[in-house]
Each structure stands twice: as C-alpha cells, then as structure tokens.
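Protein sequence lines correspond, in order, to chains H and Y. For this note's numbering, add 590 to where a residue sits in the first sequence, where the first one is 1. For this note's numbering, add 7 to where a residue sits in the second sequence, where the first one is 1.
Rather than coming from a laboratory, the hints here were simulated on the basis of the structure. Please read all numbers here as calculations on a predicted model, not as lab measurements. Check before you lean on any hint, since a few could be wrong.
[Said to hold, decoys possible] Partial pick of chain H residues on the chain Y-facing surface, computed with a CB cut under 10 Å:
| no. | residue |
| --- | --- |
| 1 | F632 |
| 2 | P727 |
| 3 | P743 |
[As the list claims (entries may be wrong)] Listed next, the stretches of chain Y that the computed footprint assigns to chain H, with coverage defined by at least 3 CB atoms under 8 Å from CB atoms of chain H:
| no. | region |
| --- | --- |
| 4 | 205-215 |
| 5 | 369-377 |
| 6 | 403-411 |
[As the list claims (entries may be wrong)] Not everything, but these chain Y residues come out facing chain H in the computed CB check (under 8 Å):
| no. | residue |
| --- | --- |
| 7 | L44 |
| 8 | G129 |
| 9 | L352 |
Note that CB positions come from ideal geometry on N, CA and C, so glycine has one too.
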Amino acid sequence: MGKAWKFGHDIDTDVIIPARYLNRSEPEYLAAHCMEDADAGFAPGVKSGDVIVGGKNFGCGSSREHAPLAIKASGVKAVVAESFARIFYRNALNIGLPILECPEAAAGIEAGDEVEVEPASGKITNVTRKTSFQAMPFPVFMQELMAAGGLVPYVRGRLKNA
Amino acid sequence: MAMTMTEKILAAHAGLSEVHPGQIINAKVDLVLANELSAVVAIEEFGKIKGAVKVFDPRKVVIVPDHFTPNKDIQSAQVAKKVREFALAQRTLYFEVGRTGIEHVLLPEQGLVRPGMLVIGGDSHTCTYGGVGAFATGVGSTDVAVAWALGEVWLKVPPTIRLEFRGKKRPWVSGKDLILYAVGRLGVDGATYSALEFTGEGIAELNVAERLTMANMAVEAGAKNGIFAVDAKTESYVRTATERPYTIYQSDAEAEYAETIVFDLADIEPQVAFPHLPSNNKPVAQAGDLPIDQVVIGSCTNGRIEDLRVAAALLKGKKVHPRVRCIVIPGTQKVYLQALQEGLLETFIQADCVVSTPTCGPCLGGHMGILAEGERCVSTTNRNFVGRMGHVQSEVYLAGPAVAAASALSGQISGPQEL
C-alpha cells in the first residue's frame, strides 16, 4: 500500500525528467529530479510503494526511457492514468514499470489517498475512500512481458528456449 | 484484403500476407537509429541480453550524436565517449562531429531512409521518415537494444486516420502551418496509437522537405507514425541521395480508415502554437502584441535548406530587432555548406543572426540558446512544453520559418504578411 501522487492531463516526459538532467543516465540521479518541474515536493517526499495517478495522455512527448526509469527508481510501484502516450506505455512495459489504464481510478483517487495496486490482475483499491477499480486488461503478449519483468528478461527467456 | 500503406509495410516486414489494426506482430527492422542519449541507455540494456555480443547487422544500425554535441559539458562528453566507443567497436554506421547533423535531417539526406522501409529509432521524432513513404516510429532504449540484438521489434498494428488536404495553400503557408493546424484539430492525444496518412491535392503540391516537417510532428498528436504516398517528388528526392533500392507501397482505394478528416487549405493561415502544448494553435494574425526575446530557426522539424531559404528571403537586407537574439541552426553539414554557397549565411550574419553548427541544442533545453525566467521565444521546433527550452517560467511559441523570421525582425510574434 502506498500514497497517491496526483498529476493532471498531458504530463510530458520533459516534466517527468527535464532534458537538463539527461547528460547522465544513472536511475538514482534521475529519480532525484523526477517530476521536479510539476511538483518540487515529489522527489524528496515519495516513498517506496507510492503510486502516481495521472490524467489523459500521461508520458507524452520525448521517447526518453529516462522518464519511466526515473519513476521506477523513485520507488513508485505503479502509474495509474486515464490514458498513456504510446512510447511511454511501451517503455514502461519494456523496463518492468507497472502501468494501469483506468479512467475511473484516475478520477476516483485524490492526492494523498492510500492506494493498493495489483498490477497482474489490474485491481486498484482506494483504501482511504473504500472504493475499488478494475484497469483495462493487457493483451496476452503484454501480460507475458510484464510477468517476465520487461523486454530484456523476456527476450533472454526466448533466446534460451530457441 | 485491402490495406493502407502502413499496414502493407508492417505485413511485409512481419512475413504476413495481411495485418489488422490491433494485431501484435514481430517485425524485422531495416534500420535502427539511436542518438547519444538513447544509445547510452540502450548500451546498458544490450549488455544485459545474454548472448548479444554483436549487433544483428552493423549496416542497419545507425548512431547519430546530435543532442548535446559538440559536447556541452563534461557529463555529455562522457556520454558521447561511451557511445562512440560502442559504435566503433560494433562497426555501426556512425556520424562524428564534423560529419554529423540532426538525425532526422541527416538520415533522409544520406539516403539511409527510403520508401517502404521499417525504421525504429530511439527518438520520438523518428516518425519524420514517413515523409518519404517509410514506416518509422519512435521507441525507447530497451526496444533499441533488443532490435540491435535480434533485428526485430514488437509492434501493435495501428488503425489509420486519413488527413485529406484540399485546395491550394495560401501565401506564406508551409507544411509547418498545416501540421500545427492539424495537431490543433486532433489534440495532443487525438491520434494516440494511430497512423496518420496525409493525402489530398494540397499534399501533392508540397515539397519533400515540407512532408518531412509534417511527418515529424505526427507524434505531437500522439500518433505512432505519419506517412505520405510516394510520388515523383519522393523518388526524385531519394534518387538524389542514393542509388540503393527501395519498395513502394501505396494504400489501396478500398483500404479501411478509422476516420477521414478533411481540411480546406483556404482556411489555413500561417500558424503559431502557444505555450504549453503543440495543439494550442491560432492564426499568427490573432497572436496579439507579444514581445519576444529569442527566435530559433532550425531543428529536425525545420532545419532543412528549404526552411533556411524562406527565412533568409525575409531577413535579407534587414536587421533583427535589437531586443531579439536570433539563432539559426542548419540541420546538417551539407545544409550548412549549401547555405554558405547560396549566400544565406551571409544574409543571416548581416541581419545580426548567430549561426550555429548542427545540433538539437536549444530545442530540448540542452545548450546553444537556453531561455531565462520569463523569456519568450518563437521557434521552428516541435515542442513547447513547460521548461522545454530552459527555465520553467519561459515560453516557447511554435511556428514555421516565415513567422519565425518575421518575428525576429519585428521583435514580437508576427506574420510575414505584416512586414
């Protein structure tokens, strides 16, 4: 269980991790500046197990994988949003950052709510408000990717079986 | 089955006779692009793939250090060094400073992207290559690393939205104005997961540089790719660049589209997209009195010779407004040289512009023109997000080269028709 950090629509990857920090790529360094231009309190305040809740088109803009890497390294357990931009969506799946598309949950969770997320089943529970939500199911292939922990372990498994 | 050109290219690369929107395929890639920022993360991931010692085909892997080059600081130099060592060890295609340029200007110019190819790139604006009839899409570093190892990528077949432009362009309107207008209509997520196919008599009139500009910004509407039919102009452009073969795929007349949106070119004036979304457009004539501090002319969107010619024609014999810093960035060394030979650089310098070596630099707030708090910039780049070009309290207004040059002269956001 973790605390919800709430953001609005069209949160772009320049806001998730500004380009002025892209001269380095260590996940811990990126995490220290995660979301800094949208909420300067996020990086210092976020705790392991917390959840980001976004609006429409979360992660739009640049293809920088530094964005989901920064979020993952900050300890965030999952990102729940009304919808995701496509490159961020595949990057998150590829690096094993759980993302859940669920407009009802995005609307029904407020900043600071205690939230429980089960990425495998897509179940999202707002413990504070005693409500629960079901995210959009992933296609089978993407479920396999998530179960493997991302694209590199998935491919490693495939090469081993070949 | 009738298919769109996007579907045909995907089917051919997946070894399938047909594909349907929503289907997940494993496709062979013809070219994998990375810049230094995406490559440095991809190199880490490539090292984690057991058995991946060599890239699948070094002639199909291209690395272009363009974002923070020439190296802007020590950290960037470390990144560039690591990427250079990998590229040289793997014998990939690689463009060092002095030969490099902005990736999406460079690759079409070098003939490395051609009609019918399937290209992925660790850069969201990889979709630019749809301008020459390729399927091209931006991915992250892990996808790049896996494609380096296997020569394949997983893709979900997108539905196609057709954008049809009818009629004739109005004076001073360029491809940039059309795409800003279209992104404004679609919204920044209006085409998420979809292909955008640009059609109509208005498109046939555009030169290839303008088509590349438009395909470049397909991602600003959330699209997976943007694509243009291949015609005599495309073939002439590609043949000038290379003698290597290519395959032409055209959409079938009966192909299914998720949606067709018709634009009348008579409605489209020179545009400007206000902060902080590329979809926040209006005609420049309605911009109001907004004094500016900086103008940037260049980038993967508008750093081609055709763009510089438009800007130079307006700046010739005049002076940039005393309050304004006007930064001109030719997209590649070839564009730079051509601008020199055509006298454009002299025009820019006489007009009090600064001319930079090719770099992505200011577009993403890297270097060569960072904005201070409260500053306002008119830029021919593709994004105007919060803090994109510098301070969080700075503002970027997106426009084509004509509006950018006119604004540099007047010192406020203004159109060329007002000069």
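Now for the hints, and whether the structure bears them out:
Contact between H/F632 and chain Y, as hinted, is not supported at the beta carbon level, the nearest pair being about 14 Å apart and thus beyond 10 Å. Residue-level restraint check for H/P727 is violated (minimum Cβ-Cβ distance to chain Y is 14 Å; threshold 10 Å). Checking H/P743 against chain Y by beta carbon gives a least distance of about 8 Å; that is within 10 Å, so the hint holds. For the region 205-215 of chain Y, the stated coverage by chain H is not satisfied: 0 residues place a CB nearer than 8 Å to a CB of that chain, which falls below the threshold of 3.
Requiring three or more residues with a Cβ within less than 8 Å of a Cβ of chain H, the coverage given for the region 369-377 of chain Y holds, as 3 such residues are present. Look at the region 403-411 of chain Y against chain H: 0 of its residues bring a Cβ nearer than 8 Å to a Cβ of that chain, fewer than three, so the hint is violated. Interface hint status for Y/L44: upheld, as the beta-carbon distance to the closest one in chain H is roughly 5 Å, under 8 Å. Annotation: interface hint on Y/G129 holds; nearest CB of chain H at approximately 6 Å, less than 8 Å.
For Y/L352, the interface hint is violated, the least distance from its beta-carbon to any beta-carbon of chain H being 28 Å, above 8 Å.
Comparing the model with each earlier hint shows violations of hints 1, 2, 4, 6 and 9; every other hint is respected.
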